[in-house]
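Visitor: Please model the complete structure; the sequences and the hints are all you need to start from.
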Amino acid sequence: MISDQMVTSHFPMGYEFERDDITKIMPLNDPPTCYALISGNVITANEMLGATKKDVKNKGTNTVDAIAEIARAHFSNVRKLKILRAEIEPRGLTLDTYYNNQTKLAPAIIQMIDGALRNNDVGVQLIVAGKGDGGCQLFSITNPGDLNCHDSVGYIAIGSGAPHAVYYLIEHGYKKDLPKEDVLKLLTEAKARSQVAPGVGNETTTVTVD
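Residue numbers for the sequence shown follow this note's numbering, so the first one is 1381 and each next one is one higher.
By construction, these hints were calculated from the structure, which means they are not laboratory data.
A couple of the hints might just be wrong.
[What the hints assert, rightly or not] Below, computed lysine-lysine pairings styled on DSSO-like, alpha-carbon distance capped at 27 Å:
no.	residue 1	residue 2
1	K1434	K1462
2	K1437	K1460
3	K1511	K1434
4	K1433	K1460
5	K1565	K1511
6	K1484	K1462
7	K1511	K1556
8	K1460	K1484
9	K1460	K1434
10	K1437	K1462
11	K1437	K1511
12	K1433	K1511
13	K1460	K1439
14	K1462	K1439
15	K1555	K1565
16	K1439	K1511
17	K1484	K1511
[Stated by the list, open to error] FRET-style restraints, in silico, Cβ to Cβ:
no.	residue 1	residue 2	range
18	D1476	D1401	17 to 27 Å
19	I1402	D1476	36 to 46 Å
20	D1562	L1485	28 to 38 Å
C-beta: ideal position from N, C-alpha, C; glycine also.
Guide: Structure representation (structure tokens):
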């Protein structure tokens, strides 16, 4: 797993900065065998992943696919909460009263709220990766709470630099059965290639799971 250290947020204003004490690769269980990688708004992402870690601990969950599903649920919950605060509560409604009183609301209001519930982008993408009984597992979580498994391909990238990184791995013949040293070399070079994209930092964090 490899990441930059660029922090992005949009509250109270948009900003980006990079520090060597900040990591965007977060362990989700203890002892750590499953990790999350973050792209996008770090404040929102940490809200999602903080709740995920607590849930994983309380449930005693350790399989990568189960942890990924927990993270997906909290992604959806945080997204829904932000839409509720931005679009529904200012109109004096709750989500329940909105659905129960749609026939009494102006069509323009219904269209606006439904559009937000369907399309609002929370500004976060996540990877959940780890080692299970069957080997390494990779999942992506993207708006509006979509969970996809990438085990068959063996790699996944997120964020503005993702196309550059993925094309590099394709061009250089990445395969799941490559030796660890070759994988690390290719990932390091792919991450360096991704730095041409806006918002990708020059600092690099690497985490391996043996």
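Visitor: Range hint 36 to 46 Å: satisfied by the CB atoms of I1402 and D1476?
Guide: Roughly 39 Å apart at Cβ, these two residues keep to the hinted range, so it holds.
Visitor: Taking only the CA atoms, is the gap from K1555 to K1565 under or equal to 27 Å?
Guide: The given pair, whose Cα atoms are some 13 Å apart, holds under the 27 Å limit.
Visitor: For K1460 and K1439, compute the direct alpha-carbon distance and say whether it is at most 27 Å.
Guide: holds (23 Å)
Visitor: Given the hinted pair K1437 and K1462, is their alpha-carbon gap at most 27 Å?
Guide: Distance ~25 Å between K1437 and K1462 Cα, so the pair holds.
Visitor: CA of K1433 to CA of K1460, is that 27 Å or under?
Guide: Holds, at roughly 19 Å.
Visitor: For the pair supplied as a hint, K1437 and K1511, confirm whether the alpha-carbon distance does not exceed 27 Å.
Guide: holds (17 Å)
Visitor: Does the alpha-carbon distance linking K1484 and K1462 stay inside the 27 Å limit?
Guide: holds (24 Å)
Visitor: When you check the alpha-carbon spacing of K1433 and K1511, does it fall within 27 Å?
Guide: Holds - the C-alpha atoms of K1511 and K1433 are around 17 Å apart, at most 27 Å.
Visitor: Is the straight-line distance between the alpha-carbon of K1462 and that of K1439 27 Å or less?
Guide: holds (26 Å)
Visitor: Decide if the proposed pair is consistent with the structure: K1565 and K1511, CA atoms, cutoff 27 Å inclusive.
Guide: Roughly 20 Å separates the two Cα atoms, so the pair holds.
Visitor: With the threshold set at 27 Å, check whether the alpha-carbon distance from K1460 to K1434 stays at or below it.
Guide: Cα-Cα ~19 Å, so holds.
Visitor: Has the given pair, K1434 with K1462, been kept, meaning a C-alpha gap of at most 27 Å?
Guide: holds (20 Å)
In terms of the numbered hints stated before, the structure departs from hints 17, 18 and 20, listed from lowest to highest.
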